[in-house]
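Numbers 1 to 342, taken from this note's numbering, label the letters of the sequence shown in order.
Hints may contain errors.
To be verified - Using 16 Å as the maximum straight-line C-alpha spacing, the simulated EDC-like pairs for lysine to aspartate or glutamate come out as follows: (1) Lys284 - Glu305; (2) Lys8 - Asp124; (3) Lys69 - Glu298; (4) Lys308 - Asp329; (5) Lys284 - Asp250; (6) Lys8 - Asp116; (7) Lys318 - Glu305; (8) Lys283 - Asp188; (9) Lys181 - Glu312; (10) Lys284 - Asp188; (11) Lys280 - Glu312; (12) Lys275 - Asp188; (13) Lys63 - Asp26; (14) Lys283 - Asp168; (15) Lys284 - Asp187; (16) Lys308 - Glu272; (17) Lys308 - Glu298; (18) Lys283 - Glu312; (19) Lys336 - Asp26.
For the record, the hints were derived by calculation from the structure and aren't laboratory data.
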Amino acid sequence: MSKKATGKIGVLLVNLGTPDTPNTPDVRKYLREFLLDKRVIDIPAVQRYALINGIIAPFRAPKSAKVYKQLWTDRGSPLLYHGLDLQQKLQQALGNTYHVAFGMRYQSPSIQSALDELREQSVDRIIVVPLFPQYASASTGSVQDKVMEIVKDWWVIPSISFISSFCDDPGFIKAFAELGKKHMAQDDYDHVIFSYHGLPERQVLKGSDKGYCQLGACCNSYNKRNKYCYRASCFVTSRLLAAELGLREDQYTVTFQSRLLKDPWLQPYTDEVLKTLPGKGIKKVLAYSPAFVADCLETTIEVGEEFKEMFEHAGGEKWQLVESLNSSDSWVEALKEIVLEN
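With the sequences and hints as input, model every part of the structure.
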């Protein structure tokens with residue numbers, strides 16, 4: 001009879017990444033590492049290197065640095081300190097039989113350093129949790145790719161499992177709904193926007209079940225054929241959140257933000273939709289960003305400030321961002337259950 005392992009179980013939490021500082025050189029370094037990832041910009045390597053190093057990084061870095069300076073706090077980047085807070089709280093919730101480490105896909109703390117930490121703890125197995133609710137090759141897939149690239153050089157590789165998606169997890173949905181309900185208790189909103197980070201349509205199609213994905217009605221249900229379809233995952237998260245919030249279908253809209261370059265991205269685009277709402281009598285909007293579990297540039301600045309300004313300019317009266325889960329107690333409990341189930 002085999003004996004059960006007696007060592008700790010390692011939990012690796014991974015988020016996307018952030019510059020070390022909001023200064024232009026560090027922002028440029030971050031953008032280069034991020035955008036040169038073949039899973040993020042999936043074009044031939046020569047074209048990708050020319051595009052990023054010759055155009056995007058040199059010209060976008062100074063503009064992005066200004067935005068990061070708006071976002072930066074005394075504790076640094078919100079994406080970083082919310083991740084560290086989550087790590088500490090989850091460690092406390094799971095107890096001494098687990099060791100929780102935190103890393104970033106790009107920049108620091110790195111996935112390499114987090115895996116080294118777990119290796120030093122001699123964990124029996126590792127559960128990798130990319131902190132992206134909806135699976136996408138450019139986010140979750142990239143984390144999985146990097147983890148496997150690192151551990152392939154270990155002489156002893158423990159059992160490793162990946163939590164590839166939690167878009168429909170009941171605890172995740174409940175925790176996010178609680179945040180929205182607090183705002184809904186304080187004011188009456190005409191409509192709710194669920195704004196997700198966009199992806200090029202080609203990336204969704206590349207990972208689809210051939211002959212099934214149409215970038216349309218196929219996402220009205222979530223099943224084994226579209227389980228790893230980013231668009232379908234966004235829609236199921238929205239349907240479950242809407243149900244938890246008590247919304248009818250006509251009371252919310254699913255949109256996509258942050259598009260880059262000229263290729264067609266998932267639609268409808270958030271910035272285009274919000275401009276049409278005041279003309280329809282929708283003057284108060286509650287805005288969610290359910291693709292992000294921690295506040296960052298895309299939530300605080302893009303949705304919280306830029307979209308608010310666009311909406312008010314179009315005639316809207318109130319645009320309220322629902323904060324991300326960050327390290328809320330409900331999210332820690334939900335994440336604990338996700339880990340225990342795996």
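Do the hints match the structure? See the list:
At most 16 Å may separate the alpha-carbon atoms for a hinted pair to count; Lys284 and Glu305 meet this at roughly 15 Å. The suggested pairing of Lys8 with Asp124 holds, with an alpha-carbon distance near 6 Å, which does not exceed 16 Å. Simply put, Lys69 and Glu298 have alpha-carbon atoms about 14 Å apart, close enough for the 16 Å limit, and the pair holds. With a C-alpha separation of about 28 Å, the suggested pair Lys308 and Asp329 falls outside the 16 Å cut-off, and the hint is violated.
This hinted pair checks out: Lys284 and Asp250 have alpha carbons roughly 15 Å apart, not beyond 16 Å. A C-alpha spacing of about 15 Å is found between Lys8 and Asp116, which places the hinted pair at or below 16 Å, so the restraint holds. Taken as a hint, the Lys318 and Glu305 pair is honoured in the structure, with Cα atoms around 12 Å apart against an allowance of 16 Å. Distance check on the hinted pair: Lys283 and Asp188 sit about 10 Å apart at the alpha-carbon level, within 16 Å; holds.
Using a Cα cut-off of 16 Å, the hinted pair Lys181 and Glu312 is violated, with the two alpha carbons roughly 23 Å apart. For the given pair, Lys284 sits about 8 Å from Asp188 by alpha-carbon distance, which is consistent with the 16 Å threshold. Note on Lys280 and Glu312: the hinted pairing holds, with a Cα-Cα distance of about 14 Å set against a maximum of 16 Å. Taking the CA atoms of Lys275 and Asp188, the gap is about 20 Å. The hint is violated against a cut of 16 Å.
Taking the CA atoms of Lys63 and Asp26, the gap is near 13 Å; set against the 16 Å cutoff, the hint holds. Annotation: proposed proximity of Lys283 to Asp168 is violated, straight-line Cα distance about 30 Å (limit 16 Å). Only pairs whose Cα atoms come within 16 Å are accepted, and Lys284 paired with Asp187 is accepted, the gap being roughly 9 Å. Of the supplied pair hints, the one linking Lys308 and Glu272 holds, its CA atoms being roughly 13 Å apart against a limit of 16 Å.
Straight-line distance between C-alpha atoms of Lys308 and Glu298 comes to about 13 Å, which keeps the hinted pair within the 16 Å bound. In summary, the hint linking Lys283 to Glu312 is supported, as the alpha carbons are separated by about 9 Å, within the 16 Å threshold. At roughly 34 Å between alpha-carbon atoms, Lys336 and Asp26 are farther apart than 16 Å, so this suggested pair is violated.
The earlier numbered hints that this structure contradicts are 4, 9, 12, 14 and 19.
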